[in-house]
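Undergrad: Respectively, the protein sequence lines represent chains A and B.
Per our numbering: the first sequence = residues 1 to 467.
Per our numbering: the second sequence = residues 468 to 628.
The reader is advised that the hints may include incorrect statements.
Unchecked claim - With beta-carbon atoms standing in for the labels, derived distance ranges:
#1 B:A591 <-> A:E29: 38 to 44 Å
#2 A:Q91 <-> B:D618: 41 to 47 Å
#3 B:L589 <-> A:A444: 46 to 52 Å
#4 B:F544 <-> A:A296: 31 to 37 Å
#5 A:Q54 <-> B:R518: 22 to 28 Å
#6 A:G128 <-> B:T582: 33 to 39 Å
Claimed, not checked - Below are the SDA-like pairs computed for lysine to any residue, each with C-alpha atoms no more than 20 Å apart in a straight line:
#7 B:K532 <-> A:L175
#8 B:K532 <-> A:R231
#9 A:K242 <-> B:D503
It should be emphasised that the hints constitute simulated quantities derived from the structure, not laboratory data.
From the three backbone atoms N, C-alpha and C, an ideal C-beta is built for every residue, glycine too.
The chain contents come next:
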Amino acid sequence: MTRYTDRPDAVTALVRDTEIHKDCYVDDEVFRLEMAHLFANTWVYVGHASQVPQPGDYFATTVGDQAVIMVRHEDGSVRVLHNRCAHKGVQLVSDGTSGHTGRFFRCPYHAWTYRTDGSLLSMPLREGYAHPQFEACEATQGMGAVGAVEVYRDFVFCRLNPRGIGFAEFFGESLSTLDNMVDRSPEGRLEVAGGVFRYLHRCNWKMLVDNQTDTCHPMVAHQSSAGTAVRVWEEAPPGTPKPMAVEQFAPFVSPYEFFEKMGIRVWPHGHGHTGVSNSIHAAYSPIPGYWEAMEAAYGEEQARLILGEVRHNTVYFPNIMVKGPIQTLRLFKPLAADRTLVESWTFRLVGAPDALLERTITYNRLINAPTSVVGHDDLEVYERSQAGLRARGREWLNLARLYDPAERHQPTAVTNGTNEWQMRNQMRAWVHFMTASMPGGAYAPQASASSPTTSSTPPSAAQEQAV
Amino acid sequence: MNPAPSDRELIDFVLRESRLIDQGRYEDWLELFADDGVYWMPLTPGQTDTRLQASLMLEDKLLLKIRVERLRGPRTFSQQPPSRSHHLLQVPTVESRDEASGVFHTHCAFHYVETRRDEQQLIAGWATHTLVATPEGLRIRLKRVDLVNCDAAFGNLQLFI
């Protein structure tokens with residue numbers, strides 16, 4: 001029996017003003033619908049253009065439950081193609097790998113080949129296909145392309161559905177966080193660098209998204225790690241220089257008042273960030289040579305504005321978090337209702353001293369690695385939550401902190417840093433994009449869409465529909 | 468000046484080092500590190516850069532001490548119940564001896580098991596020790612732990628390999 005499929009009212013009822021039904025976190029059917037609708041209707045992060053600098057360079061990853069290849073085409077554009085041979089369905093490159101494919105992908109099974117825009121190039125014994133029936137086959141269209149692709153300052157996003165909200169409307173002012181991270185490079189450019197941590201979480205992906213703007217947990221959950229770090233450091237002889245690690249751990253156990261004052265900003269469509277006026281990243285030591293490079297590139301006033309932005313965690317709904325001041329991006333890849341792969345990526349500010357990348361990598365190791373004590377604190381509570389939500393005595397998770405009914409009419413706002421508004425904002429967006437392609441929704445499939453003739457759009461044309 | 472340690476003493480030191488971890492004697496284990504000692508677990512095979520390439524662990528004595536104290540903390544919920552470990556070591560080999568400067572290198576393949584509640588993970592790899600002779604005895608200047616699957620997606624790894 002299905003309870004939620006094709007039932008937008010039932011899905012909508014899972015999210016109340018200040019409560020979320022546990023099925024959003026534990027139910028397999030809801031998870032499948034998230035893959036079919038939420039991850040298809042939203043703009044989802046794929047990768048960074050610096051991972052595919054030259055034509056023919058590719059990076060294989062996933063968007064929701066879809067295996068895709070991000071590839072630089074010969075015209076210089078970045079394409080996102082489904083990782084599937086049109087012949088027997090074989091994945092053309094191995095998931096998670098990157099490399100250079102030359103001018104075409106070649107299937108390892110029967111050597112069908114595809115240009116880097118996905119179009120079918122050739123196959124062995126071609127004369128065997130020289131008949132009208134093959135011309136009518138779907139396989140002539142080559143590899144499938146995602147619905148739309150947008151590259152914003154080298155960050156590559158895609159929308160799986162061909163129809164849906166435009167990129168600029170979806171992200172709106174929230175792109176200012178990506179802008180600020182890129183502007184921190186004296187050359188206005190980032191490169192993926194340092195290596196990625198891959199951390200398996202046995203919990204629902206949304207627990208991680210919720211956690212990014214949860215400012216009431218660090219002083220509790222991280223007392224064991226950051227609290228211990230502060231205590232051990234206090235035992236050091238006076239005058240010992242403060243290690244970078246302590247500088248990065250210590251703010252986690254700041255008091256509630258600090259987090260209340262740092263503020264939270266919400267934007268439409270589920271995006272938002274902590275750290276409006278202050279943040280745990282605000283008090284890092286200056287790095288020699290960096291200010292001079294920034295001042296030379298932007299002028300003193302502009303450089304101060306760029307570096308004065310202290311945003312802490314910016315959630316780009318549905319499943320990434322970006323830290324501009326420390327140049328990290330965390331990607332919460334949904335694997336199942338109770339399984340999530342967390343990838344933590346780091347970026348080099350091109351033109352800045354290496355010491356900035358070193359600081360970024362140190363932060364990533366201390367906080368986001370599977371060997372991180374901070375990570376251990378968090379994963380323990382996520383997994384206890386995933387187990388606890390199976391309880392029958394209660395049905396709902398609570399998001400009521402500092403709720404005000406007027407907020408429903410304020411798509412953009414700045415509020416107290418301990419408000420759970422951003423979590424509510426995410427779940428309102430969740431309802432919207434879950435139901436948008438269900439019956440009666442704005443992007444519901446049209447009745448004629450099941451006819452084979454309407455799906456004959458070649459991949460290259462589909463790519464050009466990107467908004 | 469003490470006489471240089473024999474190969475047997477170097478090997479016994481490496482074996483004892485792992486045993487202290489498996490016995491949960493983390494404070495005693497920490498004392499085996501020199502004041503400038505480092506525990507390094509690379510993220511990529513054959514890694515040489517500790518600075519601009521990420522590592523799973525790159526810890527000086529201060530960070531190791533934070534880890535050890537955390538394991539015992541009353542609010543360390545990820546250790547309620549605690550994890551346990553088991554090292555199965557190949558007999559270490561002495562790779563180099565520099566008696567003039569008192570620096571010695573050993574190499575040792577291992578299988579490591581970390582368990583908590585009903586979960587058990589098996590990890591294989593190689594440990595390379597840089598040991599220094601001090602008036603107090605041998606100390607670890609660098610313990611390098613290369614996991615054969617260092618780039619895999621792990622769950623929590625909470626103890627010391």
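Undergrad: Determine for every hint whether it applies to the structure shown.
TA: For each hint, the structure was consulted:
1. B:A591 <-> A:E29: 38 to 44 Å: Given range 38 to 44 Å: holds, Cβ gap about 39 Å.
2. A:Q91 <-> B:D618: 41 to 47 Å: violated (20 Å)
3. B:L589 <-> A:A444: 46 to 52 Å: Holds, since L589 of chain B and A444 of chain A (Cβ atoms, about 49 Å apart) stay within the stated range.
4. B:F544 <-> A:A296: 31 to 37 Å: Since the Cβ atoms of F544 of chain B and A296 of chain A sit about 48 Å apart, the hinted range of 31 to 37 Å is violated.
5. A:Q54 <-> B:R518: 22 to 28 Å: holds (27 Å)
6. A:G128 <-> B:T582: 33 to 39 Å: Distance hint for G128 of chain A, T582 of chain B is violated at roughly 56 Å.
7. B:K532 <-> A:L175: violated (41 Å)
8. B:K532 <-> A:R231: Satisfied, since the Cα-Cα distance of roughly 11 Å is no more than 20 Å.
9. A:K242 <-> B:D503: holds (16 Å)
Comparing the model with each earlier hint shows violations of hints 2, 4, 6 and 7; every other hint is respected.
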